[in-house]
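Trainee: Now for the letters of each chain:
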Amino acid sequence: MTRFANTALLTGLAALLLSACGEPPPPDAGPDRVTIAEPGPIPVTEQQPGDPDAGRHTVLNRGYVTCGIPEEAFRASDIFPAPEHQIDGREGRNAELPYMFNSTVNPDGVELVVSNCLTCHASEFDGELVIGLGNPFLDFTSDPSVTAELMGAFVEDGAPAEAWARWADRIAAIAPYMVTDTFGVNPAPNLTLALIAHRDAATLAWSSEPLLEPPPADPLPTKVPPWWRMQHKAAMFHNGMGRGDHVRYMMMKSLVCTDDTEEASEIAEWFTDVRAYIASLEPPSYPYPVDPELAAQGEGVFNRVCASCHGSYGAERDYPNLLVDLDAVGTDPAYARQAVESERFARWFNRSFYGDGAEAMPALGYVAPPLDGVWATAPYLHNGSVPTIEALLDSTLRPTYWQLLTDPREYDPDRLGWRFDVLESGKGEADDPAAAKRIYDTTRHGYGNEGHRFGDGLREQERQALMEYLKTL
Amino acid sequence: MRILIAIGIMVVLLLAGLYHRDTDPEDLAAEVPLSPESLLAAAEEFADPPTDWDYRFPEDHGNHPEQFGEYWWFAGQLQDDAGHVRGFQLAIYRLALSREPPDTASHWGTRDLYRGQFLLAPAGAGPTRSEERFGRDAIDLSGSDAHGAWIDDWSVKYESDCDCFRLSGTVSNTRLDLSLHPLTPTPTHLRGIPGLDALEPGSHGYWWPGLRVTGEFEQGGESSRVTGDAVLEHVWGRRLPVAQGQLTLNRLWLSLDDGTAVRCMQLRRRGSGGVPLGDCLMLAPDAEPVRVGSAALTPAETRDRDYRLHWRLEAEEHRVALDISPTRERAAPAFRLPLWSGFMQAEGSLESEPVDGWGWLELSGY
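Here the protein sequences come in this chain order: L and G. Number 303 in the numbering used here belongs to position 237 of the first sequence; there are no gaps in the numbering. Number 1435 in the numbering used here belongs to position 312 of the second sequence; there are no gaps in the numbering.
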């Protein structure tokens, strides 16, 4: 079993997202009513103030996921990667761990290694770890319950065994809903829904048997958006369903193991600062040369073709936070439709601790996101189905079958995306299951690369200018 | 993955076993660098075997000294002329201390350690005869070669003149001399630990059920002819299955009277709950082996800490439902390596037809 695949295990614990809320419910809305949001601008909700520095400290050091691997077992095994990146502000044991893990101690005094936000929300660019950059190279194609169970081989009897079993049981419960069939895509929404299915909305108590009908076992692919956009976003998630207090969504990573509202309240306080930290992040600067003249031409193209949905990025910045109807944007509808069709999860959210100040509001559309640092955030569209900005702006270049190159991963400044191979056939024609997992097959349900063809009408020179401009955002 | 590096690690942690017979313990300790750390270091000297093994027979019946660990494992059911039925098991494990030959001129110099276990269990009344042996390859008291392996008079070897395996040894004054003839031209290849490391297997090997057995059974100066059938498993590599920590290792081999054979290898939480890891292979006559999910094999009793001796193999999609239990309730053998190993019987249905058979179960980590 590769370290890569094993890392995917805890990886799963990391990803958590869901949906939304924001506007107060209509007066006639009962507690069980789920509002389906209409296309249009999403109202901005004022967020709680917090301390960004304290938030960064929490992200990097605290146990907001309260179950994990006993530290002795973690150390005894050799299945997790050695620390490769030193991050300022990692304290104590945290500094000895790979960046995607934090250290904590459970009430029984067992030191645990737990996953943190950076599993999904940090990624390398040119060898540097960029906090806030969604990781498109994660591998969720392996069953995480296998590694979780195997870790028991390193666990001693007593309190460590109980701690391990609690964690491994949670992983086993959600594993069927978080194994993707494609390398690089993220199953976080489905994973979150699986956790919700096991929890009482009022008390957050865990039930070994689902209390709600679980989500489909075949997770839809999603891409992890960059954190630095949050300061400009009125709602969270690709379909804008995360409305209201963003803290309540960001802290949902704690759904893995937080079994009561008392613990959830403490984590919510921590995450008030975490939200402030995330909202304080700025995108990295484009690390390669930019042609300023061409970029200036591109700004004109952008303002003509893109700005009405994505905003303007001149001296006066504007972020429309526009929820665009599925028919208008034309991108793969599966993700948005599933959120609407499975409103039981939004209902659970709205009635739960997490819905205090927030309201999950699914919609048949997707939000046109802020584009700060967009050059760094390949692949594109909500499902990561388009490998480069070049292909995003010229749909004739979008490959039906493709795979990211990973050995090494390399950024292509001409196309604005990670280098990839175009393939002749999809998963069905792959040599073996391992090869099939590497193939992004846009003919599969939820993986479509259609829509957002707003760049197709551009002349090539205009497209090149626009790409140059996007490097400056 | 260290968990699976080698069954030998666990074996050698019981260092006392190495000192039991033929040498002065202090001499051996001085010459053999034994500690968990040194063994892990030795394991690190060995690379994982290649992803795909180019099987060659009969060569692969012999030893694979370039691999860190290895085992030859035989079990079977014998019937003598008087109709007495017995089960037997003889297994020899090899573990390397180093890739290189020993750096010593002493004839006690050791590169490989060996552990064997031999059990003979009557289906009816009567005690199970069992013995555990440890050895090393110094002066050929124990060893392995291109034909097989041995510890003193325990020997498992392939012989080309008969295209069969010869198994011989004495346990508690009872001696077996058996010839085991394969009835199928090739064995079923084993690649890694089923369900765990199929992509990057830490081991390779083969499983050969349905061996036709003929031979002699000698006890108290009287010998009798025996016939029966047996199963062989021979595996080599750097990561072999081992019970450890909270995980038990449960291994089951079945031979059913319709000719179907079953092999299960399962890591399961010692306490209740958890996700069973591993897999079962089911091999019908003249068919390709099929994999049965790890959840198909479940203990039919709920005791958390004791050995679980009663099991059920049930997989609706494969139309199999079998209850597996010991031929007689027996205590674990008094080995230094704590495990339960015993002769089993199975009954139930396969493809909607009633079926029964014999089997062997081995449990460790309880």
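It cannot be assumed that every hint is accurate.
Unchecked claim - Chain L side only, calculated, beta carbon under 10 Å to chain G, not exhaustive:
#, residue
1, 142
2, 222
3, 227
Said to hold, decoys possible - Each pair of labels, with its calculated beta carbon distance range:
#, chain 1, residue 1, chain 2, residue 2, range
4, L, 225, G, 1421, 19 to 29 Å
5, L, 499, G, 1381, 28 to 38 Å
6, G, 1476, L, 499, 53 to 63 Å
7, G, 1171, L, 191, 51 to 61 Å
8, L, 120, G, 1177, 55 to 65 Å
It is worth saying that the hints were derived from the structure and are not from the lab. Just so you know, these numbers come straight off a predicted model, no measurement behind them. Built from N, CA and C at the ideal position, the CB exists for glycine as well.
Trainee: Please go over all the hints and tell whether each is borne out by the structure.
Mentor: Status of each hint after checking the structure:
Proximity of residue 142(L) to chain G holds as hinted, the smallest CB-CB distance being about 7 Å (cut-off 10 Å). Taken as an interface hint, residue 222(L) checks out: its beta carbon lies about 7 Å from the nearest beta carbon of chain G, inside 10 Å. Because the beta carbon of residue 227(L) sits about 5 Å from the nearest beta carbon in chain G, less than 10 Å, this interface hint is met. Checked against the hint of 19 to 29 Å, the C-beta distance between residue 225(L) and residue 1421(G) comes to roughly 28 Å, which is consistent with it.
Remark: the range hint 28 to 38 Å for residue 499(L) to residue 1381(G) is upheld by a beta-carbon distance near 31 Å. Our hint of 53 to 63 Å for residue 1476(G) and residue 499(L) is violated, since their Cβ atoms are close to 33 Å apart. One distance hint, 51 to 61 Å for the beta-carbon pair residue 1171(G) and residue 191(L), is violated here, with the actual separation near 32 Å. Checking the proposed 55 to 65 Å range against residue 120(L) and residue 1177(G) shows it holds: the Cβ atoms sit about 59 Å from each other.
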